[in-house]
Amino acid sequence: MFDERYDLDPVAAMKAKRGPVQRLTVPLAKGLIVEHSETEWCGAVVGARDGYVQLEDFRGKVRTFSMQDGFMIEGKPVTLVMPQRKVARARTASGSFAAPQARARVAMPSRIFVEGKHDAELVEQVWGDDLRVEGVVVELLDGADNLEDVLRDFGPGKGRRAGVLLDHLVTGSKETRIADAIARGPYGQHVLIVGHPYIDIWEAVKPSRVGMQAWPRIPRGTDWKTGICRALGWPSDDIADIAQAWQRIRGRVRDWRDLEPELVGRVEHLIDFVTVDGANS
67 MFDERYDLDP VAAMKAKRGP VQRLTVPLAK GLIVEHSETE WCGAVVGARD
117 GYVQLEDFRG KVRTFSMQDG FMIEGKPVTL VMPQRKVARA RTASGSFAAP
167 QARARVAMPS RIFVEGKHDA ELVEQVWGDD LRVEGVVVEL LDGADNLEDV
217 LRDFGPGKGR RAGVLLDHLV TGSKETRIAD AIARGPYGQH VLIVGHPYID
267 IWEAVKPSRV GMQAWPRIPR GTDWKTGICR ALGWPSDDIA DIAQAWQRIR
317 GRVRDWRDLE PELVGRVEHL IDFVTVDGAN S
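Take any residue in the sequence shown, count from 1 to its spot, add 66: that is its number in the numbering used here.
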């Protein structure tokens, strides 16, 4: 029969019970002081690539270690990981932060009106994402001369604003006289008319995008778009030639930075006008 007093090992009972080593996960950063556990090499992080980290000691000597090895920082065990890259928020062509994907909004009562097809295409290209998020529809006037009739049919009023973008809105121009008459009329407080100083929306594209220092000056009596095509050496015999020329110009526009600020600011103003709190309520 055995004596139970001798069944226990007193030395074994004094040994510390160890569990798995808890390691703190630390993203790599240049200059971070790290010690390699196995070799006791201590140095600052100077580089990392393909699962390896480079440590430079105080003498300037650099050694490379696998990031799967054990490391310590200030005596505490750590696991080194590559830093996560921040994902930049996508921006629209207008420079706004892109909204998350969402169902299309029902069109709001307020509208933005532009003179013609080319104006509408350029606004859609640069501000289309923003307009869809807000539910703003862009409609054509087919010329500034139709503005009064279009507004009469639209019926601006409380909660139903009209923003209008006109070409060549300068002192003494036909467009300016039309805008002044509308402002004095019954819809004035619910309509905002803005414009750029250019003869046509083409000219609101920075000339450098088409390989020019400045847009050519077209003599009076010559159709402006036709004159531009001729000055650039492009075909200009019919409507198809003009349409193709516009596609070439518009195709060089990447975002708002390729447009003159006189246009960018006016369009932003219109969007604010038709979407501000109370504009559609």
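Don't take every hint at face value.
Unchecked claim - Keeping only pairs whose Cα atoms sit at most 25 Å apart, straight-line, the calculated DSS-like set for lysine-lysine is:
#, residue 1, residue 2
1, 142, 127
2, 291, 240
3, 272, 183
4, 142, 183
5, 291, 272
6, 240, 183
7, 96, 183
8, 142, 96
Unchecked claim - Beta-carbon label-pair distances, calculated as ranges:
#, residue 1, residue 2, range
9, 318, 140, 18 to 26 Å
10, 280, 214, 32 to 40 Å
11, 143, 274, 56 to 64 Å
12, 274, 211, 42 to 50 Å
13, 205, 342, 17 to 25 Å
14, 201, 149, 35 to 43 Å
15, 246, 338, 35 to 43 Å
16, 120, 89, 42 to 50 Å
17, 338, 283, 32 to 40 Å
18, 296, 327, 22 to 30 Å
These are calculated hints, taken from the structure and not from any lab test. All C-beta atoms in this analysis are idealised placements derived from N, C-alpha and C, irrespective of residue type, glycine included.
Status of the hints after comparison with the structure:
no.: 1; hint: 142 <-> 127; verdict: holds, 24 Å
no.: 2; hint: 291 <-> 240; verdict: holds, 19 Å
no.: 3; hint: 272 <-> 183; verdict: holds, 19 Å
no.: 4; hint: 142 <-> 183; verdict: violated, 68 Å
no.: 5; hint: 291 <-> 272; verdict: holds, 16 Å
no.: 6; hint: 240 <-> 183; verdict: holds, 20 Å
no.: 7; hint: 96 <-> 183; verdict: violated, 54 Å
no.: 8; hint: 142 <-> 96; verdict: holds, 19 Å
no.: 9; hint: 318 <-> 140: 18 to 26 Å; verdict: violated, 56 Å
no.: 10; hint: 280 <-> 214: 32 to 40 Å; verdict: holds, 35 Å
no.: 11; hint: 143 <-> 274: 56 to 64 Å; verdict: holds, 58 Å
no.: 12; hint: 274 <-> 211: 42 to 50 Å; verdict: violated, 33 Å
no.: 13; hint: 205 <-> 342: 17 to 25 Å; verdict: holds, 20 Å
no.: 14; hint: 201 <-> 149: 35 to 43 Å; verdict: holds, 40 Å
no.: 15; hint: 246 <-> 338: 35 to 43 Å; verdict: violated, 22 Å
no.: 16; hint: 120 <-> 89: 42 to 50 Å; verdict: violated, 20 Å
no.: 17; hint: 338 <-> 283: 32 to 40 Å; verdict: holds, 34 Å
no.: 18; hint: 296 <-> 327: 22 to 30 Å; verdict: holds, 28 Å
Hints 4, 7, 9, 12, 15 and 16 from the earlier list are contradicted by this structure; the remaining hints agree with it.
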